[in-house]
Amino acid sequence: MQNIIFVILRRIRRPLIALICAYAVSIMGFTLIPGADAQGNPWRMDFFHAIYFVSFMGSTIGFGEIPYPFTGGQRLWATATIYITVVTWLYAIGSLLSIMGDKEFRRVMAFSAFSRQVRRFREPFYIICGFGDTGTLLVRELASRDIACTVIDIDETRMHALEIEGLPVTTPGLCADVNEADALIAAGLRNRYCQGVVAVTNSDSTNLKVAITTKLLRPRLQVICRAETQDTAKNMASFGTDHIINPFDTFADRFGMLFHSPAMHLVYEWVTAIHNTPLKDFLVPPRGVWVLCGFGRFGKAVRKHLSFEGVQTRIIEANPHGTQTPDGAVIGRGTEADTLREANIENAAGIIAGTDDDTNNLSILMTAKDLNGDLFTVVRQNQRSNDALFSAAHANLIMQPSTIIARSILSLIITPLLTDFLKLARERDEDWANILVSRVTGALTESSPQSWTLKIDAVKSPAVTMLLDEGTAINISHITTDPNDNNRRLQCVPLLLKRGHHLELLPDMETSLQNQDQLLFCGVDPARLAMKTTLRNFNVLNYVLTGIDRPSGVVWRWLTRNKTATPV
Amino acid sequence: MNSEKVVFAFFIVLALTLNFGFVVGEFSNPDHHNAFELFCALVVSLIATVLKFGDRTHIGAVLLATSLVADLQLVIAAVVWGVSVYGMGDGLTPVIMADIVSLTSGALVANFASVILLITETAMLRR
Chain C
1 MQNIIFVILR RIRRPLIALI CAYAVSIMGF TLIPGADAQG NPWRMDFFHA
51 IYFVSFMGST IGFGEIPYPF TGGQRLWATA TIYITVVTWL YAIGSLLSIM
101 GDKEFRRVMA FSAFSRQVRR FREPFYIICG FGDTGTLLVR ELASRDIACT
151 VIDIDETRMH ALEIEGLPVT TPGLCADVNE ADALIAAGLR NRYCQGVVAV
201 TNSDSTNLKV AITTKLLRPR LQVICRAETQ DTAKNMASFG TDHIINPFDT
251 FADRFGMLFH SPAMHLVYEW VTAIHNTPLK DFLVPPRGVW VLCGFGRFGK
301 AVRKHLSFEG VQTRIIEANP HGTQTPDGAV IGRGTEADTL REANIENAAG
351 IIAGTDDDTN NLSILMTAKD LNGDLFTVVR QNQRSNDALF SAAHANLIMQ
401 PSTIIARSIL SLIITPLLTD FLKLARERDE DWANILVSRV TGALTESSPQ
451 SWTLKIDAVK SPAVTMLLDE GTAINISHIT TDPNDNNRRL QCVPLLLKRG
501 HHLELLPDME TSLQNQDQLL FCGVDPARLA MKTTLRNFNV LNYVLTGIDR
551 PSGVVWRWLT RNKTATPV
Chain Y
1001 MNSEKVVFAF FIVLALTLNF GFVVGEFSNP DHHNAFELFC ALVVSLIATV
1051 LKFGDRTHIG AVLLATSLVA DLQLVIAAVV WGVSVYGMGD GLTPVIMADI
1101 VSLTSGALVA NFASVILLIT ETAMLRR
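Chain order of the listed sequences is C and Y.
According to the working numbering, the first sequence is numbered sequentially starting from 1.
According to the working numbering, the second sequence is numbered sequentially starting from 1001.
Derived by calculation from the structure, the hints in this document are not laboratory data.
Owing to the predicted nature of the structure, the values given are computational and were not obtained by experimental measurement.
Take the hints with a grain of salt, since some may be wrong.
[As the list claims (entries may be wrong)] Quick list of simulated restraints, FRET-style, between CB atoms:
hint: 1; chain 1: C; residue 1: Val25; chain 2: Y; residue 2: Val1079; range: 20 to 28 Å
hint: 2; chain 1: C; residue 1: Met109; chain 2: Y; residue 2: Gly1087; range: 35 to 43 Å
hint: 3; chain 1: C; residue 1: Pro42; chain 2: Y; residue 2: Gly1087; range: 23 to 31 Å
hint: 4; chain 1: Y; residue 1: Phe1020; chain 2: C; residue 2: Val25; range: 22 to 30 Å
For every residue, glycine included, the Cβ atom is placed at its ideal position computed from N, Cα and C.
Isolated chain Y, as found in the complex:
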């Protein structure tokens, strides 16, 4: 057993589950989307990205790319949240919430792709 693989798989899957947990619920209802969950998803996704630094394999490079996409989407969602509530002072309107959730849904797809790549890599392993 390779502990590096365990840690990496843990973070990749956790990023997906947290992201999923944030997205589920009524699309534009702020009550259904927890800020803590978004924060955790972002942090876990960042850690998963850093874990892929310096991987020389092709699949490692693709994993780095997908998790960078997820980071980007989540960061934009968090910025939208912060700007709309504190910057513009609009509060968390259903329109803004819909924007945030659609951005995080994008990140969800990227995280999903990461997990699929992870499964493929594992399946290709002969041991």
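The shape of chain C in the complex, shown without the other chains:
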């Protein structure tokens, strides 16, 4: 950092000295060469006039021969000095511009601007390492919830993408290698407003390095990491990384759930969905033998969870030795009809195209559909840029690692209660899930629901705590009443109530609230915003409780005192 400034100072030495010398020689020349005044008397230019003349001549402004017309000798010298000064200026400006354009110089300037911006943060923020598909989704979603982020990525084009993203909150970005602790520190690792570090680069070793750096420098800080192999995940867990997300395992786990409880799968999909995405439909996968193309990390995870559900798989893998494919697997890529026929695709229930190449996956999907039109199709999409292709392929289920990771991380950051909810929900049976699905469907429109947490405390819900302290009973049904019309309900469903350490799944609407309660809701976004108003605004809360629009002024309240004395 300091180095570059010294280097710059060293580099501008030569142009500066050249400028000083050119000016000194020119000025000196003009004071020495004899001239003549208006009357033709001998006259010598003094320093003042020489400096004045050379200044406007050197910068090519040229006011003319001042103060008297020049003699031949002076003109000769002026001709020479015009070239000297102009060329020197070009040289000096050229060197300065080349320093400004220097890549290293600009990197240092960007770095210091970034760390200055982060240092000025006075609100909680997260450090996002990696601005690829996952990082972009994460930052967008967090920004829409007014949660600030600082972003580091090694790729410059991704930083340009961040610039034009147009996020509603300030999101400083730095193009740097997160393997260097300096970059993390600049991103605010030591800042006391930093809430956590999220490592979602596409390299496991980089994510690991971020986790170690964070745990060493700020042991208490929450670290959320993406890990694609079991080794890395175990390594991360060994030094206390808070949350490790393996996209393949997460997907395979949900996929397995589809076989024994489609409704539960739907609940999972809904509550963890990225908002404003189309609502997912009910899916019922057929039982039978499934063809699994690609036995890499994804294939292994899927096979494990499927065999747990009692579903048989037939594997197609091009490199059986490298991936330790079990015996009986078909060797090939699965993109050709021959290999698929060999795997008996005509009698299979479904196909899972799970290689790490998007083109191959699409090809597998289309070939398989040609051979057997009734197949249930699952396809892995590695690049988000292929969105259009994958949606045109009409697969029953698309596995996007980036979306899966982003969703898991978002629910950890925005709605920590969601993890508790999903854990509890898993223990319930399919009937319970069906009831929940019908309840949630009743409150929904076409797009995915949002889930949000609210806490009853003086900061987040001052109006509620005030009335609770006065002894007024407030039920969940009250805060889910539409503040514009108290005969209507807000489009949301309470999923979980957390009181101390006690967790209550799907709390009853008549449950009365207590201070420090935490509630998890699932519903549409306008409902979330309306609920926010109810919790904060005393008059609105009073309206949903009593149905009376409480006058806010003292005088009007006094005038209507008889009316308010008898709540409806």
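We have chain C; now place chain Y onto it with these hints.
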């Protein structure tokens, strides 16, 4: 022999000698103080300053400071000269000359300090 050191020492000492040459003479007598000498002293002092840019040593930083002081004093002296003669039209009165010479004497002290620092640096060198 380090040619950078030679060039730098040359300019530092030259700045001092030129400055000294300008200052010597009757304090307020314009005839004893040459404008060319002031101009040269200023130019040489500026070059000496630029030569110290980017020096990371402590003594280099102090040298940069002392020569910046000398520049400042000389520039002010030159401005006083120019303003009094052309700006106010007073001409080079003994009072103005005394001002100019006292300012350049200040620069002389700064230049002297630079030379002492230079000598110290050289003396500290073990080779």
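Now for the hints, and whether the structure bears them out:
Separated by about 22 Å at the C-beta atoms, Val25 of chain C and Val1079 of chain Y satisfy the suggested range of 20 to 28 Å. About 41 Å separates the C-beta atoms of Met109 of chain C and Gly1087 of chain Y, a value consistent with the hinted range of 35 to 43 Å. Look at Pro42 of chain C against Gly1087 of chain Y: about 25 Å separates their beta carbons, and that is inside 23 to 31 Å. Remark: the range hint 22 to 30 Å for Phe1020 of chain Y to Val25 of chain C is upheld by a beta-carbon distance near 23 Å.
No hint from the list above goes unmet by this structure.
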